[in-house]
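Protein chains in written order, with my numbering: chain A, 1 to 364; chain U, 1 to 279; chain C, 1 to 304.
The hints are simulated quantities; they were obtained by calculation from the structure and are not laboratory data.
With a Cα cut of at most 27 Å, we get these calculated DSSO-like pairs of lysine-lysine:
#1 A:Lys124 to A:Lys159
#2 A:Lys134 to C:Lys215
#3 C:Lys215 to A:Lys123
#4 C:Lys263 to U:Lys244
#5 A:Lys15 to A:Lys217
#6 A:Lys217 to C:Lys106
#7 C:Lys215 to A:Lys124
#8 C:Lys77 to C:Lys263
#9 A:Lys282 to A:Lys258
#10 A:Lys161 to A:Lys109
#11 C:Lys215 to C:Lys193
#12 A:Lys159 to A:Lys123
#13 A:Lys109 to A:Lys124
#14 A:Lys159 to C:Lys215
#15 U:Lys199 to C:Lys106
#16 A:Lys109 to C:Lys215
#17 A:Lys109 to A:Lys134
#18 U:Lys199 to C:Lys193
#19 U:Lys104 to C:Lys5
#20 A:Lys282 to A:Lys217
#21 A:Lys331 to A:Lys174
#22 A:Lys159 to A:Lys134
#23 C:Lys263 to U:Lys137
#24 C:Lys215 to A:Lys161
#25 A:Lys15 to A:Lys161
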Amino acid sequence: MNTVTSTQPFIRFDKVRKEFPNGTIAVNDLSLDISGNEFFALLGPSGCGKTTLLRMLSGLEMPTSGRIWVDGQDITDWQPQRRPLNMVFQSYAVFPHMTVGENIAYGLKIEGRGRAEIADEVKKALAQVQLSDKIDRMPHQLSGGQRQRVALARALVLKPKVLLLDEPLSALDKRLREDMQLGLIHLRNEVGITFIMVTHDQEEAMSMASRIAVMDKGSIVQLGTPRELYDTPNSRFVADFLGSINLIEGTVQAVNDKSVVVDTAVGRYINMADFTPAVGDKVFLGIRPEMFEVNDHDPDENRIEGTALETAYYGDYSLSLVRLANGQTVKVFIENDVDGRNKQPAYGSNVRLSWSATCGVLLP
Amino acid sequence: MKPKAPISPLEYTRRWWMRTLVAVVLVFLYMPIFAMMLFSFNDSKRTVVWEGFSLQPYRDLLQQQTLLDALGNSLVIAFVTTVLATTIGTMLAIALWRFSFRGKAVLEALNGLPIVIPEICMGVAIMIFFNAINWPKNLPWPFSLTSIIIAHTAFCFPFVTLVVRARLAGFDRSLEEAATDLGASTWQVYRDIILPYLKPGLIAGALLAMTLSLDDFVITFFTSSPETLTFPVKIYSQVRMSVKPYINAASTILILVTVAVTVAAAWYYQRAASRNGQK
Amino acid sequence: MESWKRQPRLFSLLISPAIIWLTLFFIIPLGFMVGLSLSVQPDATHTVFTGTLESYYGILDRNPDTGDYIYIGVILKSLMIAAIVTFFCLALGYPVALAIAFAPAKWRPILLLLVILPFWTNLLIRTYALMSVFRVNGFFNNILAWVWNHSRFMLLGTYQPFDLLYTNTAVIVGLVYIHLPFMVLPLYTAVEKLDRSYLEASLDLGAGHWRTFFKVMVPLTLPAIMAGGIITFIPAFGALVTPDLLGGVNSQMIGNIIERQFKAANNWPFGAALSLILVYITFILLALQSWMASRRAKLDDIRR
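With the rest of the complex left out, here is chain A (with noise of 0.2 Å):
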């Protein structure tokens, strides 16, 4: 039945797919495993499927086929509250009709402790989360930072083997967003549990997450941690979805031993891959904005002329916007020096771009 063996991950997806009676399919067979001890990240547009995904392993939906498997025993037909998982939902779901500490107390109470223990065990939780004062106020009274906090600690009160947190960060407003990312990692490192994470906001996932797993349209796209997402993603989907980046098209020209030349409608490009395609075939070049160089060459690197069009000030850094030769434009990152150099091209003036070819990636 359950054979447990120490290479065996904490938590398991097995061929799980989630048909809904409309005939949509949200989750599409998807096999995922995650450890016992990191922050996991389902990063993707909205109708993915990550949040199914989620609500499945809660027990809050049932699969249509598959298992899941959590610290070695089967869950997949076990009722929410029996399940050693616990979630923080979106809107936070405090209970308005009970205070802080009651909201706190709900779940210790259904686990039968004494009295005493739970007031103990609900002090300890306020501490955690820095909401000490707050015990005796209504939800109502509370912002809504201090509400998300609260059901943090609700869940973490019964010491799950997981937390589940759904869209953590999508209501609150940037400055606390920040406080809270950072809270959030701390936390998770205290209580030593693994976090699963469902976000929409890339800067989110890439920020706080070990290991990010990208879904669209119900599967798995690419898994990886954030810095292999970033610098070798495996579709023009990751490439786009995870920061920005900029898209040539072309075909393959040649196939070397590490690199790949491309010819493209504003010029041949030499750039390293990953994969090895075939001559003929169509490809993008990629290059995120941050890996041009403006009018500052080296004479081995990929070289493109532009037109400079329009450019947004970012305070540390600026975007421009380029037209290259056959119309297309792209995103330029330009650092704004701290000795106030001046280096944003002015409206119209011809650009140059350059890059090297390990700075590209090659997408099919």
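Here the structure of chain A is known, so what remains is to put chains U and C in place on it, guided by the hints.
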């Protein structure tokens, strides 16, 4: 055949015990009515033993002049009451929605009283009132119905106010502001913007008033006289004496008419409401 | 919302018919009723206002044989029946409201219509239909008799019909039958509006469905429960038709007693006094409801 998806925790309606319960309740609610309707086609002088299909009860019904007169009274009363109650109730609803004034809470509470107070109290009070002011008792028809109409209107229009106010709550004031900005006068705004929006609410309110008036027994019981019987009051006196099939027939007709009108109005309300962009 | 002074003519136009009607045909009649309750009735057709409390004292009359309070007894019995009816309407109505609220979206209007439709049917017709069911010679007994006679139970002797009509049970069943649809509507609205994630959170934290129901769903839908309870209790309390047709002499409620004062017994001041007691009790219940609502709001402030 595709295997059925497993039931998720909150899908209560898919659980068998829930479905059984709802089925039992629906059977409980409809069985007596269906049985009674069925026996309106019974070929017998009594109503509880089935003796064959027949339309005789319906033919008998046409012979019952007093019953038909009572039905006529009910319809006239309902019609006039609907017109009055809808008008008064709608005007009040608009005033409550739009304006703030001293004593508003009192008026709202007062308007809610006819809805909450037991019908018998209202019936008794109105009867006492008409008696005390010596309301003329032998007016020619249809003026003899005025006391009933007045009483019906009094207890119907608060319901209309309720319904219309609910509809008004969803009104987008910016539509009105746009119209004023384009030069419309107050009267034009009401005629061209607010009233059309209100139409589904008016229909619902009018339907409610009509049904309440047609069905009313208690208040009518106290304000009617032997010359001004309404349909429910007449049935009441018949039912206490003996059980006759033509009563089933009359009831069946009334049920079918009420259902048809209700369903039509509900369908119309849905269509009109969604066409206006509100739901 | 603007002040009425912005458009005084429009405002007066809109509001006067309602105010006139309410005053003339509701408040003044109630006033007359109060006056009548303080009058005496020297002969069959006249009453004289004297300010006497004789009718109110009459409420405290006792039965000469048994010593029971006649009228207080009936009032208490009516309150009791109304409470039982409200309880059953809640017990049956809440699951039905749940079933509709959690049904697929396209089924909900249909199910709702199905449950509400009987409410649109004439009260008298519905009660009459129930009478046919309950009679000794009625459907309930006839069907059971048929089943009995065609099954093994026949060996236990011929079927003894239940005498359901003219009992308290019949009145209670009848009142539940009449009021159930009206209880479902506010409950359905409240459950449908409830944020599902509260229920999901409760399950996620380990609570079973019953606990989630009583600790989360009920408290969060309490205003609707109270509203539905009030619009069931008060009409049930003052019911006239149902206890008359289904209860007969055995189970009179306060409505029947009042009706008799104005028809057969011809004691109008007493009838007025009894009606006013009904009105007072209604007011007390409404005040109770609004007190409870404001108490909940106050508790929040205290915890600030």
